[in-house]
Amino acid sequence: MKDTDIKRLFYAHLFCVFSIILTTFTPSLFLEDFSVLETHLTWMCICSVCVTIVNVVLYLLIKPNPSSKRSSISHKISRLLKSCVYFFISCLLYHAIIVLYGAPLIELMLETFLFAVLLSTFTTLPCLCLLGPNIKAWLRVFTKNGATSIWDNSLQITTLSSVVGAWLGAFPIPLDWERPWQVWPISCTLGATFGYVAGLLISPVWIYRNRKQLTYKSR
Amino acid sequence: MRLGSGAFAASCVVIELLGVAVFLRGFFPVSVRSASRARLLPPAPEPAAGTSSNWTQLPPPLFRKVVIMLVDGLRGDFVFGSKGVEFMPYTTYLIEKGFTHSFIAEAKPPTVTLPRIKALMTGSIPGFIDAVRNFNSPVLLEDNLIGQAKTAGKRIIFYGDDTWIKLFPKHFVEYDGTTSFFVSDFREVDDNITRHLDNVLKREDWDMLILHYLGLDHIGHVTGPHSPLVGPKLKEMDYILKKIHISLLSKEREASLPHLLVLCGDHGMSETGGHGASSVEEVSTPLVLISSAFQRKSGNFQPPKHVQQTDLAATLAVGLGLPIPKNSVGSLLFPVVEGATMREQLRFLHLNSVQLSRLLQENVPMFEKDPGYQQFKESEKLHGNWIKLYLEGNNSEVLLNLGRKVLKQYLNALKTLSMSLSKQVAQYDMYSMMVGTVIVLEVLILLLLSTPKALCQKAEFEIPLSTSLLSLLFFLMLLILSAVHVIICTSAERSCYFCSISWLMAVGVMMLISALLCVILSFLTNTFENVRPPAKNQAASSSSWSGLDLLILFGTLGHVLSLGASSFIEEEHQTWYFLINTLCLALGHEMCRNHFLGKDFDHNLTMEGDFQKDTEKILQYKNDHVDVPEYNKTHKLPSSLELPEGYEKWLGLASPWLILICCRLLRSLNQTGVQWAHRPDFGHWLTSSDHKAALSVLAFLSLVMIFILVQRRCSPVSKVAMALGLLGIYCYRAAFGNVFLPWQRDNKDISKGIIEARFVYVFVLGILFTGTKDLLKSQVISTDVSIKSRGLWEIYSGLVLLAALLLRPHNLPILVFSLLIQAVMAKCIWKPLKHDAAQITIMHYWFGQAFFYFQQELSNGSRLLLLCGDMFHPCVCIHHPGDIPTLPFVYMECVFSKASL
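Chains as they are written, first to last, in our numbering: chain G, 22 to 240; chain C, 8 to 908.
Hint data in this document are derived by calculation from the structure and do not stem from the laboratory. Hints should not be assumed to be uniformly reliable.
Said to hold, decoys possible - Taking beta-carbon pairs under 8 Å as the criterion, some of the chain G residues facing chain C (in silico):
{"no.": "1", "residue": "Val-78"}
{"no.": "2", "residue": "Tyr-80"}
{"no.": "3", "residue": "Leu-121"}
{"no.": "4", "residue": "Gly-123"}
{"no.": "5", "residue": "Asp-197"}
As the list claims (entries may be wrong) - A few chain C positions that, by computed beta-carbon distances, are all more than 10 Å from chain G:
{"no.": "6", "residue": "Ser-12"}
{"no.": "7", "residue": "Ile-22"}
{"no.": "8", "residue": "Phe-30"}
{"no.": "9", "residue": "Ser-89"}
{"no.": "10", "residue": "Met-484"}
{"no.": "11", "residue": "Trp-510"}
{"no.": "12", "residue": "Ala-522"}
{"no.": "13", "residue": "Glu-577"}
{"no.": "14", "residue": "Thr-589"}
{"no.": "15", "residue": "Leu-667"}
{"no.": "16", "residue": "Ile-668"}
{"no.": "17", "residue": "His-691"}
{"no.": "18", "residue": "Ala-701"}
{"no.": "19", "residue": "Val-711"}
Just so it is clear, the structure is predicted and the values come from calculations on it, not from any experiment. Beta carbons: idealized from backbone N, C-alpha and C, even for Gly.
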């Protein structure tokens with residue numbers, strides 16, 4: 022049972038990675054003068070929309086967590102609405118944190134907000150898909166030894182790696198190298214994206230290698 | 008040998024200091040010096056092929072009187088840029104009409120006054136060490152222009168910065184020094200110089216007049232290069248220049264020789280108003296030579312050429328008919344002597360290149376291969392031929408052409424010689440550096456190895472000194488090192504410091520190195536023998552490192568690594584801001600987890616399970632290692648019993664975010680660094696004269712807040728003293744002109760705040776004294792903890808008062824926020840989360856660094872000066888029983904940055 026789960030996880034993640042790679046190359050076929058660095062805002066929009074769609078589709082296809090007993094339409098709609106609100110709140114929260122980290126408050130507001138949206142799609146959205154709008158479950162997953170399935174583990178790894186990627190991406194900004202990608206927020210978004218991709222690739226491998234140690238308590 | 012932890016740490020620090028000293032001695036360039044003691048070498052005779060020249064004396068002077076007008080902090084573009092056109096109309100007129108030879112003289116770092124004066128007067132490049140000696144300037148013993156002029160019987164008059172009087176104590180026939188210490192004084196320093204001017208210019212009994220104006224530099228330090236005060240100051244300087252020039256011109260009609268007026272700066276001024284580093288604004292200074300002897304250049308005005316500041320000494324020596332200072336590495340500014348005859352011109356160039364090549368011979372072992380030296384020999388030969396032709400009476404076109412060729416060759420040779428000499432200054436003494444590094448590294452490893460033991464309760468170290476001193480390895484190492492020493496010292500191309508010290512000292516250092524190595528090795532073997540059996544527990548304990556520990560560890564390590572790249576050093580403040588933000592977020596995360604999960608019964612089961620597992624581990628661990636009590640502290644035990652309730656809980660949860668917001672606000676107060684320093688910031692808005700009212704309100708509120716935050720635990724007497732002291736600070740700032748005073752509107756007060764500042768200093772000393780008294784009392788009687796705590800708190804408040812006095816008024820909120828953040832962290836974060844001493848110390852250190860950069864006090868990129876700043880802002884933490892550290896970051900503004908360096 023476990024090996025098939027890991028396989029499913031691996032393929033799902035591969036699909037995500039593939040979609041991100043597609044977002045960097047396909048838009049240039051439809052849009053004129055598109056490049057990741059120069060029309061960065063467009064790329065950010067496309068990337069976050071694409072990752073959202075892929076995540077939702079994968080969630081609907083795979084259904085990693087067996088759904089709860091109550092599955093009335095109204096309940097589902099309320100869950101969906103709740104998720105949307107949570108997503109928005111997470112965007113605002115990220116925006117606030119980024120500004121506290123030193124991003125300009127008034128200028129480049131759109132860039133900062135889009136970066137927050139991208140970061141939310143990499144971190145909050147998978148959580149919403151897998152755990153639902155349930156803060157307690159989130160807190161459980163993000164504590165030590167809180168994971169109850171390989172999906173939780175992969176969630177931990179991808180979220181952490183995208184945040185760390187964004188964090189590391191901020192380092193080159195103040196330096197005097199005069200590169201085009203040192204402009205706010207390009208290096209951070211690239212860092213977050215690379216971190217996310219790395220997380221997606223690492224997590225199946227890590228889970229596979231540690232499958233013996235990972236014993237989940239059923240609850 | 009057994010040592011207590013204090014003694015061990017102290018000895019380590021002493022050895023470390025020794026290593027650093029040796030390293031620095033090798034790292035800082037030693038200036039190029041001529042070794043020969045003979046004060047006066049006969050001037051080199053004119054070269055002549057075959058026949059001997061009849062001209063062996065020094066050439067006669069070109070100028071009769073020289074006036075040097077040195078304006079401290081005069082930047083290149085203050086004269087040649089738009090500011091010069093606007094505020095220095097007379098100088099600009101002279102430059103554009105071609106009455107002058109104007110250059111941009113490049114000053115070598117460190118761009119501080121004393122080394123620059125030395126460079127101007129000796130022509131040598133002083134070492135970096137001179138920056139440290141800035142305040143304690145000893146008499147200049149090197150061969151210099153002033154000394155030469157004095158021996159030649161010239162009468163020199165000096166008015167200005169008293170550094171000169173310390174450098175040349177008996178050289179001036181008349182002098183009046185002004186001190187550079189009162190930075191707030193913009194007018195009097197200069198008026199004290201100008202008041203003598205009328206009298207001196209009327210008289211005839213002097214040959215050289217030196218004026219050193221400090222006002223512009225003071226304005227730069229306090230308000231920056233773009234302040235509205237700079238313009239009037241430049242106008243004043245222009246007026247003085249005009250006065251001197253006109254008076255010199257009027258005298259010239261009677262005299263046979265023309266006069267020379269030199270306008271120069273000692274260093275520039277960075278965009279923030281400081282100086283000391285090597286940015287373009289700091290190193291470019293104007294050098295304008297004005298004399299009626301110069302031919303007026305026809306044609307359009309050309310931008311000034313770049314020359315070295317050291318060139319002035321050689322030029323002035325030639326112009327006054329003096330021998331060129333022996334250690335000068337400068338080359339003659341050729342346009343100045345263009346008016347002389349061809350023979351004289353060649354003679355001047357020859358003298359200069361002989362002097363430079365002599366210096367090269369004494370400092371470089373392989374001087375014959377130096378291209379400059381070869382060029383010099385060639386041109387000397389050609390020069391001889393020319394002299395021969397000249398003496399034969401040949402006056403044809405050939406002579407002129409040959410002369411021009413020799414001239415060009417000489418100029419090239421001078422340039423190359425000067426360059427290779429300057430390069431010599433920038434060489435490192437690798438051997439000393441290596442020795443220093445080895446000592447420092449060994450001590451560092453020793454400290455790291457002993458850290459686990461230092462955290463034990465016993466805190467005693469068994470240093471295997473005697474066994475290692477007797478071991479074979481020690482003697483072997485000593486032998487090898489001595490052999491290496493002998494080999495290096497006998498084969499060294501350049502003089503190296505370590506070879507020049509006495510033989511015994513060198514052996515002592517070798518013994519130290521090898522003893523340290525042996526101690527480390529035996530330490531290592533001991534640790535491994537002890538650790539091997541319970542290897543599993545090692546793994547268990549390492550997994551107990553919390554995220555915060557990892558962050559602290561990697562943050563500190565990462566910062567140290569980032570100092571390897573100059574780009575990171577330039578923006579070091581960004582690293583610190585980033586790190587403290589991350590620290591705050593991590594703390595916030597920990598607080599959240601502590602509060603929510605501690606109460607969450609649903610998950611308490613798992614946590615309980617973990618907890619039991621952990622306690623088992625602890626027990627097991629404790630059985631193996633009896634003295635590891637720290638384990639409990641680093642691992643947070645989720646016990647819901649100790650959680651504070653109600654508003655305290657929410658305050659605790661909100662505090663990291665509060666701190667984050669504070670930091671963000673402070674960050675927008677001052678823009679530091681290199682890349683973004685020019686951005687407008689809140690600090691500029693506040694300091695501009697339009698917003699004086701806002702600044703007054705802010706400063707007042709900050710002082711009140713400081714009082715509220717600090718007075719809590721002081722004795723009543725100190726409370727009153729503190730209040731009066733803070734009031735004194737406000738009065739001081741008001742007298743200074745930064746803030747409004749509601750009850751006194753007239754600005755006739757001439758004291759410039761000095762009385763008020765003294766008043767505050769009295770209170771600072773008083774508070775410090777009572778604090779020390781309390782501490783001593785608690786030491787002697789050794790009963791009451793509360794007295795000790797009060798004493799510490801009083802010393803702390805005294806230091807805060809001092810900091811409040813020294814900080815600029817718009818930076819006062821930084822002090823308030825630092826006190827506030829410290830209080831909040833101590834109350835809401837460290838206490839409930841039970842961080843241990845090491846964690847708290849490092850957090851203090853991080854915040855201290857960040858706050859140091861918030862105040863943006865020093866010039867950009869000038870990390871040498873930051874070095875001296877760092878010594879003044881250690882984050883002081885003092886632990887006393889039963890209380891979390893009370894003495895956090897007190898940032899002493901580096902006094903050096905304020906005073907005119």
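Consistency of the hints with the structure:
no., hint, verdict
1, Val-78, "32 Å, violated"
2, Tyr-80, "25 Å, violated"
3, Leu-121, "5 Å, holds"
4, Gly-123, "6 Å, holds"
5, Asp-197, "5 Å, holds"
6, Ser-12, "33 Å, holds"
7, Ile-22, "35 Å, holds"
8, Phe-30, "27 Å, holds"
9, Ser-89, "27 Å, holds"
10, Met-484, "41 Å, holds"
11, Trp-510, "48 Å, holds"
12, Ala-522, "41 Å, holds"
13, Glu-577, "7 Å, violated"
14, Thr-589, "7 Å, violated"
15, Leu-667, "5 Å, violated"
16, Ile-668, "7 Å, violated"
17, His-691, "17 Å, holds"
18, Ala-701, "19 Å, holds"
19, Val-711, "27 Å, holds"
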